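J.: The lines below spell out each chain.
2 protein chains.
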Amino acid sequence: MSKTGIKVFAPASVGNMVVGFDIMGFALDRPGDEIIVRLSDQPGLRISQIYGAKGKIPKATNLNTAGVAAQKFLDHIGESDRGIEMEIWKKMPFASGLGSSAASAVAGVMAVNELLKRPLQKRELLPFALAGEQVASKALHGDNVAPSLLGGIIFIRNNEEMDVHRIPSPRGIYATVIHPKIEIKTAEARGVLSDTITMKQHILQSGNLGGLIIGLYNSDFDLIGRSLQDLIVEPQRSKLIPGFDSVQTSALNAGALGCSISGAGPSIVALSANSLIAENVGEAMTKVFHDMKIESELFISTINQEGAFKF
Amino acid sequence: MSKTGIKVFAPASVGNMVVGFDIMGFALDRPGDEIIVRLSDQPGLRISQIYGAKGKIPKATNLNTAGVAAQKFLDHIGESDRGIEMEIWKKMPFASGLGSSAASAVAGVMAVNELLKRPLQKRELLPFALAGEQVASKALHGDNVAPSLLGGIIFIRNNEEMDVHRIPSPRGIYATVIHPKIEIKTAEARGVLSDTITMKQHILQSGNLGGLIIGLYNSDFDLIGRSLQDLIVEPQRSKLIPGFDSVQTSALNAGALGCSISGAGPSIVALSANSLIAENVGEAMTKVFHDMKIESELFISTINQEGAFKF
Numbered sequence: 009m010s011k012t013g014i015k016v017f018a019p020a021s022v023g024n025m026v027v028g029f030d031i032m033g034f035a036l037d038r039p040g041d042e043i044i045v046r047l048s049d050q051p052g053l054r055i056s057q058i059y060g061a062k063g064k065i066p067k068a069t070n071l072n073t074a075g076v077a078a079q080k081f082l083d084h085i086g087e088s089d090r091g092i093e094m095e096i097w098k099k100m101p102f103a104s105g106l107g108s109s110a111a112s113a114v115a116g117v118m119a120v121n122e123l124l125k126r127p128l129q130k131r132e133l134l135p136f137a138l139a140g141e142q143v144a145s146k147a148l149h150g151d152n153v154a155p156s157l158l159g160g161i162i163f164i165r166n167n168e169e170m171d172v173h174r175i176p177s178p179r180g181i182y183a184t185v186i187h188p189k190i191e192i193k194t195a196e197a198r199g200v201l202s203d204t205i206t207m208k209q210h211i212l213q214s215g216n217l218g219g220l221i222i223g224l225y226n227s228d229f230d231l232i233g234r235s236l237q238d239l240i241v242e243p244q245r246s247k248l249i250p251g252f253d254s255v256q257t258s259a260l261n262a263g264a265l266g267c268s269i270s271g272a273g274p275s276i277v278a279l280s281a282n283s284l285i286a287e288n289v290g291e292a293m294t295k296v297f298h299d300m301k302i303e304s305e306l307f308i309s310t311i312n313q314e315g316a317f318k319f
Numbered sequence: 009m010s011k012t013g014i015k016v017f018a019p020a021s022v023g024n025m026v027v028g029f030d031i032m033g034f035a036l037d038r039p040g041d042e043i044i045v046r047l048s049d050q051p052g053l054r055i056s057q058i059y060g061a062k063g064k065i066p067k068a069t070n071l072n073t074a075g076v077a078a079q080k081f082l083d084h085i086g087e088s089d090r091g092i093e094m095e096i097w098k099k100m101p102f103a104s105g106l107g108s109s110a111a112s113a114v115a116g117v118m119a120v121n122e123l124l125k126r127p128l129q130k131r132e133l134l135p136f137a138l139a140g141e142q143v144a145s146k147a148l149h150g151d152n153v154a155p156s157l158l159g160g161i162i163f164i165r166n167n168e169e170m171d172v173h174r175i176p177s178p179r180g181i182y183a184t185v186i187h188p189k190i191e192i193k194t195a196e197a198r199g200v201l202s203d204t205i206t207m208k209q210h211i212l213q214s215g216n217l218g219g220l221i222i223g224l225y226n227s228d229f230d231l232i233g234r235s236l237q238d239l240i241v242e243p244q245r246s247k248l249i250p251g252f253d254s255v256q257t258s259a260l261n262a263g264a265l266g267c268s269i270s271g272a273g274p275s276i277v278a279l280s281a282n283s284l285i286a287e288n289v290g291e292a293m294t295k296v297f298h299d300m301k302i303e304s305e306l307f308i309s310t311i312n313q314e315g316a317f318k319f
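As they're listed, the protein sequences go chains A and B. Residue 9 is where the first sequence starts when you use the working numbering, and the numbers rise one by one after that. Residue 9 is where the second sequence starts when you use the working numbering, and the numbers rise one by one after that.
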């Protein structure tokens, strides 16, 4: 690639954050996607290469999350026909519940913004990344895109209004995420969800959501633990993930504060009060899938405070 | 009354706090109920007088919120037959949405605890006050009892577990509460509520609840204002309150951050960023009811940080 190329990394993220369906998520240190862009004499945005996707991701810019995000941004700044070549390096599993489409969308728009000498600030890139991710997930929710771009634990008051807020990450908190190598499409995972819930479920889940936020502000790990109980989505979706109950039990027995589905699954996330527990939790979760002869990969990470970056 | 008497004040409170149905509330400085207790030679708890209730509140200790709260506490500490006389001074409207039953229950149990030289700490009185309030409201929810006892803005993660947390009150925040003199019984107000809601309502309301909590932690008045929108309960209950829409509009036009039903109504609460706005809001709300020929009383208050106290 030419010397004028720009390379951006955007991290994986955990959507829903157990009790914040569509409105809460956090960024991991790794894995993540990388995107390289460079100026081209040929007008228009073009995806020249996609590595690591085994042909499963479309190269057409209007169907690709990174392409859509970048093009919406170019349209916004009045540079729709700017000649840009994009290389996508998928370095994380997709359809995994780790925010893979979001990471690509974020990396795509951020790389182009950097290439054009930052016409917008990082935070202003959010709506374009969101539009890109929507191509893959079919629903408007920023709980992967916002943490992947901005880092940290993100709460979204309203997705339409993109009313996005960062919540403090307690010192020491660690995530353990295990990805069993089975595929669930986000759109399919949404399909199993009932359109209605009871008031009682709403009240209990709201209690857990508020408890989680208060626990994060106060670094109250016990409260965080009591609050990490999803009474609405997990009971419906966990049946799509073989071994879910055993993995969850093994994580809690190993000392995790809580354990549930990461995003739309099949990845499973546990939160722990320190890295040692997070590693023990990872071993326990891995053993369950190993005994079931399901291949899995494990990620242990702090909560990434930086989000996407140029490197 | 004898010189050994103990007098306790417990303040009114705003339940639900707009978007935290059954799980969030705050205390007002005034109005409130007062209870006087003294030791008696006659065994057992007895309610000798109830002032200010126009005969509408039962004197039987097993039917009276203060009586039930105090008796449960006496049973717990092994003093079931202790001779105690109780005078209840209702100094606030009941069935008003201001937590009148909760205030009496709190004052009752706290007065007896003080009379017996504090066998329990203030916070430990919560379950007894809750049991007392349940006699009137028929449902288990501590969003009036907990703020009336403890003061401040209270979040309850789980009512069964009494998992109670205090959220910071931003400096300057003021409540304006107007009580139109019509009666709604809490149990009736619960009756109009649907047992189910849509997932979409749940997500939007959860966003507002989280936004409110984050706004309170960060003293972000704009975020508090955007979050004070109840999409679930207010649309169902507000039709029980004549003039509700006009009062709400007038409060918002006068500068309130938000305005909705206080508890189960008919009182209406507005929050404002300072006392001057809170007074303007109060004038605007009063005018609406005045023009409708509905008598009303107005309370303007900081968020009471002390809760119930002996005086």
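Check each hint, because a few of them may be wrong.
For chains that are exact copies, the list does not tell them apart, and a pair is met inside one copy or across any two.
[Stated by the list, open to error] The calculated lysine-lysine pairs, modelled on DSBU-like cross-linking and capped at a C-alpha distance of 35 Å, are: (1) Lys125 / Lys208; (2) Lys80 / Lys208; (3) Lys208 / Lys130; (4) Lys64 / Lys208; (5) Lys247 / Lys208; (6) Lys301 / Lys80; (7) Lys247 / Lys318; (8) Lys146 / Lys208; (9) Lys62 / Lys80; (10) Lys189 / Lys15.
No lab work stands behind these hints, which were simulated from the structure alone. Since the structure is predicted, the reported quantities are computational estimates derived from the model, not experimental observations.
J.: Hint compliance check: list the failing hint numbers for this structure, sorted ascending.
T.: The structure breaks hints 1, 6 and 7; every other hint is satisfied.
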